[in-house]
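Chains A and B supply the protein sequences, listed in that same order.
Start counting the first sequence at 51; every next residue gets the next number (this note's numbering).
Start counting the second sequence at 572; every next residue gets the next number (this note's numbering).
No wet-lab data here; the hints were simulated from the structure.
From the three backbone atoms N, C-alpha and C, an ideal C-beta is built for every residue, glycine too.
Do not rely on the hints blindly, as some may be mistaken.
Said to hold, decoys possible - With the C-beta cut set under 7 Å, the calculated list includes, among others, these residues of chain B facing chain A:
1. 577
2. 579
3. 594
4. 613
5. 614
6. 630
7. 677
8. 680
9. 681
10. 684
11. 686
12. 687
13. 730
Unchecked claim - Using 20 Å as the maximum straight-line C-alpha spacing, the simulated EDC-like pairs for lysine to aspartate or glutamate come out as follows:
14. B:683 with A:376
15. A:338 with A:376
16. B:678 with A:274
17. A:120 with A:376
18. B:683 with A:543
19. A:327 with A:274
20. B:683 with A:236
21. A:225 with B:606
22. B:683 with A:244
23. B:678 with A:236
As the list claims (entries may be wrong) - Okay, the calculated beta carbon distance ranges per label pair:
24. B:691 with A:271: 22 to 30 Å
25. A:226 with B:686: 36 to 44 Å
26. B:686 with A:221: 57 to 65 Å
27. B:606 with A:557: 29 to 37 Å
28. A:166 with B:691: 38 to 46 Å
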Amino acid sequence: MKKSGGLTRREFLKLISLAPVGIFSRPLSGWTGSLNPDLPNIIIIVFDAWSQQHVSLYGYPRQTMPNLEKFAERATVYHNHYSAGTFTSPGTASILTGLYSWSHRALHLGAVPVPAHATHNIFAALSATHTTLGYAQNEFADQVLYGMRNAVETHLENWIFSAQNSNLYSAPIFKNNPRIAFAGIEDLMIRRIEGYDASLFLGPYLRLQFLRNRAAFAIRHGGDYPRGLPDSSELFLLEDVVDGAIQALREVQSPMLAYFHFYPPHDPYCPTKGFYKTFIDGWAPPRKPIHDLSEYKYSAGRLDSNRRYYDEYLASWDHETGRLFDFLEESGLLENSYIFITSDHGEMFERGITGHFTKLMYDPLIRVPLIVSRPDQTTREDVHALTSSVDIMPTVANVLGLAIPTWVEGTALPGLGGVDHGERRSIFTLDAKFNSSFAPLRDYSLALTRDGHRLVHYSYPKDNYEKYEFYDLHADPHELNDLCPSEPALSIEMRDEVLQKIEEVNRPYRR
Amino acid sequence: MNFIRDRFPHRSEILTVLGIALFVCHSWSVLGFLDRLPAFILYFRVTEIVQVFAFMMAFAFLESLLVTGVLVFVSALLPSRWLKEGFAYKGFVLVLAVTVAAIIFQKNLEGKLPSPGILTLYWVAPLALASLIIGFVQMIPRARAILINLADRVSIMLFVYVPIGLLSLMVVALGNLL
Numbered sequence: 051m052k053k054s055g056g057l058t059r060r061e062f063l064k065l066i067s068l069a070p071v072g073i074f075s076r077p078l079s080g081w082t083g084s085l086n087p088d089l090p091n092i093i094i095i096v097f098d099a100w101s102q103q104h105v106s107l108y109g110y111p112r113q114t115m116p117n118l119e120k121f122a123e124r125a126t127v128y129h130n131h132y133s134a135g136t137f138t139s140p141g142t143a144s145i146l147t148g149l150y151s152w153s154h155r156a157l158h159l160g161a162v163p164v165p166a167h168a169t170h171n172i173f174a175a176l177s178a179t180h181t182t183l184g185y186a187q188n189e190f191a192d193q194v195l196y197g198m199r200n201a202v203e204t205h206l207e208n209w210i211f212s213a214q215n216s217n218l219y220s221a222p223i224f225k226n227n228p229r230i231a232f233a234g235i236e237d238l239m240i241r242r243i244e245g246y247d248a249s250l251f252l253g254p255y256l257r258l259q260f261l262r263n264r265a266a267f268a269i270r271h272g273g274d275y276p277r278g279l280p281d282s283s284e285l286f287l288l289e290d291v292v293d294g295a296i297q298a299l300r301e302v303q304s305p306m307l308a309y310f311h312f313y314p315p316h317d318p319y320c321p322t323k324g325f326y327k328t329f330i331d332g333w334a335p336p337r338k339p340i341h342d343l344s345e346y347k348y349s350a351g352r353l354d355s356n357r358r359y360y361d362e363y364l365a366s367w368d369h370e371t372g373r374l375f376d377f378l379e380e381s382g383l384l385e386n387s388y389i390f391i392t393s394d395h396g397e398m399f400e401r402g403i404t405g406h407f408t409k410l411m412y413d414p415l416i417r418v419p420l421i422v423s424r425p426d427q428t429t430r431e432d433v434h435a436l437t438s439s440v441d442i443m444p445t446v447a448n449v450l451g452l453a454i455p456t457w458v459e460g461t462a463l464p465g466l467g468g469v470d471h472g473e474r475r476s477i478f479t480l481d482a483k484f485n486s487s488f489a490p491l492r493d494y495s496l497a498l499t500r501d502g503h504r505l506v507h508y509s510y511p512k513d514n515y516e517k518y519e520f521y522d523l524h525a526d527p528h529e530l531n532d533l534c535p536s537e538p539a540l541s542i543e544m545r546d547e548v549l550q551k552i553e554e555v556n557r558p559y560r561r
Numbered sequence: 572m573n574f575i576r577d578r579f580p581h582r583s584e585i586l587t588v589l590g591i592a593l594f595v596c597h598s599w600s601v602l603g604f605l606d607r608l609p610a611f612i613l614y615f616r617v618t619e620i621v622q623v624f625a626f627m628m629a630f631a632f633l634e635s636l637l638v639t640g641v642l643v644f645v646s647a648l649l650p651s652r653w654l655k656e657g658f659a660y661k662g663f664v665l666v667l668a669v670t671v672a673a674i675i676f677q678k679n680l681e682g683k684l685p686s687p688g689i690l691t692l693y694w695v696a697p698l699a700l701a702s703l704i705i706g707f708v709q710m711i712p713r714a715r716a717i718l719i720n721l722a723d724r725v726s727i728m729l730f731v732y733v734p735i736g737l738l739s740l741m742v743v744a745l746g747n748l749l
């Protein structure tokens with residue numbers, strides 16, 4: 051390939067394509083040049099819909115993430131880490147606020163933390179000491195970032211590393227209230243992919259243009275992605291997203307708080323050519339019965355296929371993120387940064403469910419990876435204590451020597467200044483997407499994990515459905531044997547704890 | 572000046588067609604809004620829901636102006652007897668035909684790009700249908716009178732949707748520009 055000034059044509063084109071980073075990102079207006087350069091950077095990397103059960107680092111039989119394993123050789127690996135939510139909005143809000151969903155109330159796709167917690171987030175907490183950058187490729191996570199926009203100095207638009215930009219809500223004219231613009235435009239008037247457009251004539255016309263762009267891009271790059279191009283509402287290439295993140299990290303002034311929320315391995319699962327059909331190996335996980343709450347009740351064959359596609363996509367994504375990890379090392383960022391790699395929620399392929407849009411609460415959906423690299427860490431450490439995504443915010447405060455804000459509901463992570471409670475700690479995961487944000491919790495799924503056990507309360511009075519499930523996670527890691535009918539003492543104790551917690555968090559919402 | 576005035580339909584006829592466009596655009600938007608409202612109620616406050624509604628109404632208002640503007644512009648370009656003469660009922664038929672086509676088109680535009688043939692059909696079919704109806708109506712004065720009467724009745728919605736549209740535009744402008 052022809053080289054020009056040390057750059058290949060492809061590299062040059064990539065560089066040019068990153069120009070929008072500078073043009074469209076908000077300026078570093080808050081940075082005054084007086085920040086203390088000795089403070090460590092905080093870099094939080096979130097992979098959307100990333101289940102711990104599918105990661106080779108955590109013992110998955112398929113070699114899905116060798117680059118992550120390499121990165122983890124000099125990091126702390128948390129084995130019992132749980133997300134506080136089961137889909138993007140609550141999961142992301144909990145990472146950024148240190149609050150459970152019953153407090154921040156971002157219970158639905160498109161929701162953001164309530165005004166009472168509008169300034170209770172990691173960006174606001176660090177805005178005086180760090181430059182802050184936020185990027186969320188998932189538009190619902192992007193809404194959460196917009197909810198915190200006063201403290202996010204550089205907000206990279208969610209489409210910025212994608213091949214398309216069909217979002218109107220992020221246009222400068224709507225900067226005062228992009229959330230309303232999103233609901234009005236993307237959610238109603240111009241549905242870009244499916245559903246009716248509330249705009250009778252312009253809606254379908256613009257959607258047609260959008261589909262034309264997608265088709266053209268798919269023709270151009272389809273050969274590299276046999277199962278179709280990665281799609282976060284905007285088509286994108288895995289390599290472009292990683293390149294974009296690297297470039298953004300190069301440009302941000304230290305000390306920084308950088309939050310990167312990548313869409314992969316969220317569905318659709320679209321591996322590159324090199325990973326397509328890599329895992330046709332005959333392996334299958336233990337079969338699990340279809341749950342009453344499974345809406346579509348997918349067959350085992352369908353679940354196995356989707357699992358394989360997910361694993362191949364994960365391997366493909368790991369291949370690209372390897373370059374990001376290399377960059378972190380080569381640039382010296384590893385030496386002066388705390389780097390958190392985690393997810394907002396998991397993904398499941400069992401009990402008739404594929405994906406994460408479900409009322410169910412099982413390990414694949416709520417147990418997510420957490421790998422943290424400290425400055426100058428040289429060896430791998432493993433932590434088996436129970437931890438939650440609400441612990442990230444207080445951990446950041448703790449490692450920076452700041453007081454842990456009083457509003458947070460998590461604690462500092464063991465290994466990073468926090469106390470190791472082992473499994474003697476209550477960790478909650480809540481899904482209340484059918485409940486109003488402004489009313490007491492009545493329709494929800496709530497999982498309580500502690501002492502090696504999990505109690506799940508499914509409460510859906512509108513559907514006349516209420517059920518408790520109780521599992522011994524050590525003796526029955528696949529959660530196949532519901533112990534609730536035999537009513538062990540711990541299940542009763544945990545049930546009381548769950549009900550007490552619901553009562554406590556509902557109190558402010560009772561008239 | 573007279574030449575320009577002669578090329579365009581009479582103001583009252585333009586207003587009739589605008590009323591029809593406002594009616595179909597706003598009705599469709601309201602339907603879409605009502606469809607999504609149960610979800611919005613779960614996480615938006617009333618003031619926010621009003622803002623979203625204003626967004627839609629403002630958009631529908633501009634869309635109606637655009638549709639009417641296009642028809643007026645086309646009528647100025649075409650020979651007078653094609654569209655300018657009897658603009659009210661011809662515009663009425665055209666807007667209705669295009670509305671039906673747009674609804675069917677939306678239904679079939681679920682995440683996949685239609686073939687060029689199908690796309691052409693979506694353009695040609697409503698125009699052909701509208702031409703047929705207009706031709707038919709032109710021959711039967713009674714049918715024309717019924718259509719004009721119907722168009723007049725629908726255009727009464729001008730008094731509802733124009734103020735809503737203007738108010739919504741103000742809400743959107745104030746919310747985003749200040």
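Hints, one by one, checked against the model:
1. 577: 29 Å, violated
2. 579: 22 Å, violated
3. 594: Violated - the Cβ of residue 594 of chain B stays beyond 7 Å from chain A, reaching only about 11 Å at its closest.
4. 613: 5 Å, holds
5. 614: Holds, about 4 Å.
6. 630: 6 Å, holds
7. 677: Holds. Min distance 5 Å.
8. 680: The hint holds - residue 680 of chain B has a Cβ within 7 Å of chain A, the shortest such distance being about 6 Å.
9. 681: Since chain A brings a Cβ to about 5 Å from residue 681 of chain B, closer than 7 Å, the hint holds.
10. 684: 4 Å, holds
11. 686: Residue 686 of chain B check fails; min Cβ-Cβ to chain A is 11 Å, beyond 7 Å.
12. 687: 11 Å, violated
13. 730: 21 Å, violated
14. B:683 with A:376: Violated - the C-alpha atoms of residue 376 of chain A and residue 683 of chain B are around 39 Å apart, more than 20 Å.
15. A:338 with A:376: Given pair residue 338 of chain A, residue 376 of chain A is violated - Cα atoms ~39 Å apart, limit 20 Å.
16. B:678 with A:274: Between residue 678 of chain B and residue 274 of chain A the Cα gap is close to 31 Å, so the pair fails against 20 Å, i.e. violated.
17. A:120 with A:376: 10 Å, holds
18. B:683 with A:543: 53 Å, violated
19. A:327 with A:274: 13 Å, holds
20. B:683 with A:236: 18 Å, holds
21. A:225 with B:606: Not OK: residue 225 of chain A and residue 606 of chain B at ~26 Å, beyond 20 Å, violated.
22. B:683 with A:244: 9 Å, holds
23. B:678 with A:236: Roughly 17 Å separates the two Cα atoms, so the pair holds.
24. B:691 with A:271: 22 to 30 Å: Check passed, 28 Å falls within 22 to 30 Å.
25. A:226 with B:686: 36 to 44 Å: 42 Å, holds
26. B:686 with A:221: 57 to 65 Å: 32 Å, violated
27. B:606 with A:557: 29 to 37 Å: Given range 29 to 37 Å: holds, Cβ gap about 34 Å.
28. A:166 with B:691: 38 to 46 Å: 55 Å, violated
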